[in-house]
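Enquirer: Next come the chains, spelled out residue by residue.
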Amino acid sequence: MSDSQGPLWEVFVQKKAGQPFVHCGNLHAFDKEMALQNARDLYTRRGEGMSIWVVPTNAIVASSPEDQGPFFEPSNDKVFRHPTFYPMPDVIKHM
Amino acid sequence: MNSPALFNYTLRLADSSLVLAQRLCEWTSVGPFLEEDLALTNIALDIFGRARHLYEYAARLENKGRSEDDLAFLRNDRDYLNCLICEQPNGDYAQTMIRQAMVDCFDLYYYTELAKSKDETLAGIAAKSIKEITYHKRHSFSWVMRFGNGTDESHTRAQNALNELWRFTGEWFERTEDEDNLVNQSIAVDVTAIHPKWEKEITELFMQANLSIPSKVFMQTGGRKGLHTEHLAYLLLEMQALPRMLPNAKW
Amino acid sequence: MDILNFENIFEGKLSRNEMIEPKDWMPENYRKHLIRQISQHAHSEIVGMLPEGNWISRAPSLRAKLVLMAKVQDEGGHGLYLYTAAESLGTSRDEMLDALHTGKAKYSSIFNYPTLSWADIGTIGWLVDGAAIMNQVMLQRSSYGPYSRAMIRICKEESFHQRQGYEIMTKMAFGTPEQKEMAQDALNRWWYPTLMMFGPPDVESPNSDNAIKWRIKRETNDQLRQRFVNQTVEQAEYLNLTIPDKNLKWNEAKKGYDFSEPNWAEFKNVISGNGPCNKERLDKRRQAHQDGEWVRAAATAYAKKQNESYQAA
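Protein chains in written order, with my numbering: chain A, 1 to 95; chain B, 1 to 251; chain C, 1 to 313.
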């Protein structure tokens with residue numbers, strides 16, 4: 001009875017060619033083909049996309065809230081990665 | 001160009017689409033699981049949409065002041081010209097999907113040919129339908145594979161459905177007299193030409209799904225002459241109830 | 001980190017208007033409250049498909065049929081978004097469906113009333129969706145991320161629902177005498193059940209306090225109900241339909257209408273299973289689930305044979 005609705009999937013939709021695939025929700029499906037078809041019927045009913053990825057939810061590896069500090073804070077002080085770190089002479093208008 | 005034959009021809013296509021979609025939407029809100037409920041409703045929506053375009057065109061061809069809705073809601077069963085397979089009850093989900101797979105396979109060949117019609121309106125409606133039907137077919141074919149190769153129960157149900165419905169497939173490939181002229185003018189589709197293609201593809205599908213086409217079946221016919229199975233009158237009675245109850249009302 | 005610390009982080013996020021996400025620590029009561037509220041909401045969408053689905057086969061024009069189907073389908077989609085939002089809190093769709101089918105879970109009492117005429121379809125869109133949208137707009141800013149995101153999507157999709165209902169009412173109210181009569185009859189039957197949708201009066205609402213503290217809800221039942229009445233009166237006047245309430249009167253001091261409370265005894269009765277259609281609705285959901293069982297089993301078996309084995313998540 002635990003899996004009577006089939007496994008859970010994550011759905012990613014690409015709005016236009018060249019744009020990134022954006023996560024837009026979940027669904028249940030029993031196989032790959034069904035997951036793809038269901039994603040189309042569920043998440044692109046109003047012309048929201050032109051390409052779809054589906055991924056079984058249990059294949060997703062996620063960082064946890066406890067990781068937040070060690071994972072993401074160290075990059076906060078690396079201001080030299082941003083172009084605004086480097087002063088430019090006023091006369092140079094474009095670079 | 002505005003011949004009664006073309007009007008009848010368009011009406012036949014419209015009736016088949018409407019009656020099939022009316023059957024499919026019986027599943028809306030009671031599908032086997034939520035995702036599939038939505039998927040089948042999408043398919044029914046496409047087919048209703050096609051019916052609507054065809055009725056609009058039929059009303060224009062007839063040019064007697066009847067609207068698309070008049071044609072759909074105020075004609076009696078003996079005037080309905082749909083194929084018999086479209087009006088058959090849904091049965092279980094296997095029966096609905098077996099019917100849908102056979103229809104989708106037929107419709108894809110049919111509308112692909114119709115898209116080349118000399119009649120630009122029909123060709124335009126057909127061109128739009130091809131994309132929709134291609135998707136419908138992918139959906140119904142997948143389900144035939146799942147049922148045929150799934151569990152013993154699903155296999156039995158699918159085989160029973162095929163045994164039940166096969167006798168309604170012969171009608172598709174009959175050519176009627178008034179159609180001959182339209183075929184010769186490259187307006188209507190020559191169904192005899194698509195028969196072998198359809199049979200080859202559907203046989204292959206059923207083989208892969210481990211299902212066998214029943215042999216020595218006597219093919220039923222009559223839909224295009226307005227001679228239907230007993231199911232159609234009930235379907236129309238329900239569908240047409242409101243416009244017939246209040247004939248002066250606008251909806 | 002001990003619990004107290006986690007609790008501080010959680011409270012901090014709430015006070016900064018930040019979202020709580022599935023893997024964040026949250027108080028057990030918050031989780032329970034959300035699962036209950038979101039799954040009830042999902043059940044309401046799914047059961048809500050039935051009274052409207054009742055008229056798909058009899059919609060009186062091709063256009064009306066297409067619109068109604070699209071609307072009922074949207075509701076199914078919304079149920080689905082909400083079920084998955086609840087699943088992110090550690091329950092499964094099966095558990096939720098089981099709770100619905102056994103009568104343990106509740107859903108909106110409104111769907112236990114019958115749809116007797118085509119005007120009921122108009123009224124559901126106009127009043128019931130109108131009331132639902134008020135609730136839902138507020139819930140877009142709820143503190144739980146997946147819930148809020150589902151609501152944003154739902155609100156975007158629902159924007160046509162109320163209009164299609166009002167369009168039906170316009171056609172009926174300005175149509176033949178019989179149509180107008182149907183429209184008034186529908187309004188008479190649906191008015192008070194719609195007012196009940198906002199829940200019991202604030203003084204009797206057991207779950208409101210926590211819900212507002214946790215930003216799962218942002219306005220009280222009575223506030224929402226008042227706002228709904230204020231905006232609906234004008235719409236009924238345009239249709240020349242009479243809201244069935246003799247006490248309905250503009251109150252200049254509160255800048256809103258005074259109106260009669262619905263019959264709360266009836267509300268409690270319907271909630272506890274005695275509405276006119278509770279049995280029909282649940283029977284139909286159970287039957288559909290049961291009829292679909294062999295279909296789901298076949299799909300599972302086929303996936304296995306294709307060597308596509310995904311653990312149920």
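Read the hints as simulated data drawn from the structure, not as lab findings. Careful, some of the hints might be misleading.
As the list claims (entries may be wrong) - Here are some, though not all, of the chain B residues that point toward chain A, as calculated from beta-carbon distances under 10 Å: (1) Glu35; (2) Lys131; (3) Thr134; (4) Arg138; (5) Gln185.
As the list claims (entries may be wrong) - In silico DSS-like cross-links for lysine-lysine, where the CA-CA straight-line distance does not exceed 30 Å: (6) Lys156/C / Lys32/A; (7) Lys131/B / Lys156/C; (8) Lys156/C / Lys15/A; (9) Lys16/A / Lys128/B; (10) Lys180/C / Lys249/C; (11) Lys200/B / Lys213/C; (12) Lys32/A / Lys197/B; (13) Lys250/B / Lys304/C; (14) Lys305/C / Lys32/A; (15) Lys16/A / Lys131/B.
C-beta: ideal position from N, C-alpha, C; glycine also.
Enquirer: Each hint: holds or not?
Expert: Structure-based check of each hint:
1. Here the hint on glutamate 35/B is kept, as its CB sits about 4 Å from the closest CB of chain A, short of 10 Å.
2. With a least beta-carbon distance of about 12 Å to chain A, the hint placing lysine 131/B at the interface is violated under the 10 Å criterion.
3. At its closest, the beta carbon of threonine 134/B sits 12 Å from a beta carbon of chain A; the interface hint therefore is violated under the 10 Å criterion.
4. Nearest Cβ of chain A to the Cβ of arginine 138/B: about 7 Å, under the 10 Å cut. The hint holds.
5. Taking 10 Å as the C-beta cut-off, the interface hint given for glutamine 185/B is violated, the closest approach to chain A being about 37 Å.
6. For the given pair, lysine 156/C sits about 29 Å from lysine 32/A by alpha-carbon distance, which is consistent with the 30 Å threshold.
7. Pair hint lysine 131/B plus lysine 156/C holds up; C-alpha atoms about 27 Å apart against a cutoff of 30 Å.
8. Distance check on the hinted pair: lysine 156/C and lysine 15/A sit about 17 Å apart at the alpha-carbon level, within 30 Å; holds.
9. Between lysine 16/A and lysine 128/B the alpha-carbon distance is near 21 Å, which keeps this suggested pair within the 30 Å criterion.
10. A C-alpha spacing of about 24 Å is found between lysine 180/C and lysine 249/C, which places the hinted pair at or below 30 Å, so the restraint holds.
11. In summary, the hint linking lysine 200/B to lysine 213/C is not supported, as the alpha carbons are separated by about 66 Å, beyond the 30 Å threshold.
12. The hinted pair formed by lysine 32/A and lysine 197/B meets the criterion: a straight-line CA distance of about 29 Å does not exceed 30 Å.
13. The suggested pairing of lysine 250/B with lysine 304/C is violated, with an alpha-carbon distance near 53 Å, which exceeds 30 Å.
14. Our distance criterion of 30 Å between C-alpha atoms is met by lysine 305/C and lysine 32/A, whose separation comes to about 13 Å.
15. For the suggested pair lysine 16/A and lysine 131/B, the alpha carbons sit about 19 Å apart, so the restraint of at most 30 Å is met.
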